[in-house]
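Protein chains in written order, with my numbering: chain A, 76 to 251; chain B, 76 to 251.
Calculated from the structure, these hints are not laboratory results.
A hint or two may mislead.
The list makes no distinction among identical chains, and a pair is therefore deemed to hold if it is satisfied within one copy or across any two copies.
The calculated EDC-like cross-link candidates involving lysine to aspartate or glutamate, where the alpha carbons are at most 16 Å apart (straight line), are [as the list claims (entries may be wrong)]:
#	residue 1	residue 2
1	Lys141	Asp178
2	Lys242	Glu109
3	Lys106	Glu220
There are 2 protein chains.
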Amino acid sequence: MVDVKISVGTAECFTHAKIGITIHKAASGYKDFEFKEIFDKEELRMMSNVRVLASMFIPSIYAAEKLLNIKLPEPDYDYAYAKAYTEKNDLKVAYLMAKGLKDILNCNIAIGTTAGIGRGGICILTDKNKYLFTTDVYGNLLKHENILERQRNGIEKGLRKFIEILKREYLHTSSF
Amino acid sequence: MVDVKISVGTAECFTHAKIGITIHKAASGYKDFEFKEIFDKEELRMMSNVRVLASMFIPSIYAAEKLLNIKLPEPDYDYAYAKAYTEKNDLKVAYLMAKGLKDILNCNIAIGTTAGIGRGGICILTDKNKYLFTTDVYGNLLKHENILERQRNGIEKGLRKFIEILKREYLHTSSF
Numbered sequence: 076m077v078d079v080k081i082s083v084g085t086a087e088c089f090t091h092a093k094i095g096i097t098i099h100k101a102a103s104g105y106k107d108f109e110f111k112e113i114f115d116k117e118e119l120r121m122m123s124n125v126r127v128l129a130s131m132f133i134p135s136i137y138a139a140e141k142l143l144n145i146k147l148p149e150p151d152y153d154y155a156y157a158k159a160y161t162e163k164n165d166l167k168v169a170y171l172m173a174k175g176l177k178d179i180l181n182c183n184i185a186i187g188t189t190a191g192i193g194r195g196g197i198c199i200l201t202d203k204n205k206y207l208f209t210t211d212v213y214g215n216l217l218k219h220e221n222i223l224e225r226q227r228n229g230i231e232k233g234l235r236k237f238i239e240i241l242k243r244e245y246l247h248t249s250s251f
Numbered sequence: 076m077v078d079v080k081i082s083v084g085t086a087e088c089f090t091h092a093k094i095g096i097t098i099h100k101a102a103s104g105y106k107d108f109e110f111k112e113i114f115d116k117e118e119l120r121m122m123s124n125v126r127v128l129a130s131m132f133i134p135s136i137y138a139a140e141k142l143l144n145i146k147l148p149e150p151d152y153d154y155a156y157a158k159a160y161t162e163k164n165d166l167k168v169a170y171l172m173a174k175g176l177k178d179i180l181n182c183n184i185a186i187g188t189t190a191g192i193g194r195g196g197i198c199i200l201t202d203k204n205k206y207l208f209t210t211d212v213y214g215n216l217l218k219h220e221n222i223l224e225r226q227r228n229g230i231e232k233g234l235r236k237f238i239e240i241l242k243r244e245y246l247h248t249s250s251f
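Looking at chain A on its own, in the form it has when it is part of the complex (with noise of 0.2 Å):
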């Protein structure tokens, strides 16, 4: 079966895979659900050119290793439950984890997201082009400061960069 869908995977950390699962919830046409309001109507017609192969929540930098076959830095920080980065190296391991995901799965766009202390770090690897970003909020997870604030950031600012991304450089519809 051949399947023409834009393909997308995702590997969060920070956003507990809800940027995934929006839009999975959004492409397979869900009535009600949280972040709806992310999209207009004609972005929540067009989702249904998408499907969500795996969105994933990885804490741990041992089993982001290991299911995504890459290799992460050492955690700035001592934090016993899971990685805790710089904003400085949460854009490179979101970058990591998006391009292992990419390249195991081989699909079309891939995320990847973490945030330890700073405004933490999102990825969106397209078949052409690389998306690095942070979100608007600083937070610090030792200290558990503005974590849901930044998490909910994190998750509209991604929602919206895909929309944005997959109108521009996939569907290339007129408003953008």
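Following the hints, complete the assembly by docking chain B onto the known chain A.
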């Protein structure tokens, strides 16, 4: 660094990674979270012994095979977006997903879930035992029948079994 926590990984389909993410929230001390009511006070304290390495939503057979290094049966139904099996095969596939993940992460407990036509399948693999069960809700992915009800039941039942197993096999508390 030696980590003596009980490590957990999940590879979920119809439960949308929510079993793993809920365990993560309980384990890392979130104050409020969905499904918190499943845990009593003692169980919430107990959860600090647990660490979630990865919690994955994998709707696609192709992605499950690639990420978990397994081979899954052919789907029983033609369903463009994701895999769709009968209950009998869902139980098989839930086991295969849990087994694949446990082998890759070498974690103490691995959980797999999938649901097509029927009550769905949930597998919890520990270091000693295999637990395989369905939800209590018949659903049909192709007709979008009872999908949300089955999902909710699967998350709740999966979490309850997980807590029960954790107490009995790992923490040896007197309440079991």
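Here is how each hint holds up against the structure:
1. Lys141 with Asp178: Classified as both; 14 Å inside a copy, 11 Å across copies.
2. Lys242 with Glu109: neither (22 Å within a copy, 34 Å between copies)
3. Lys106 with Glu220: Classified as between; 14 Å across copies, 34 Å inside a copy.
Violated hint: 2 only; the structure is consistent with all others.
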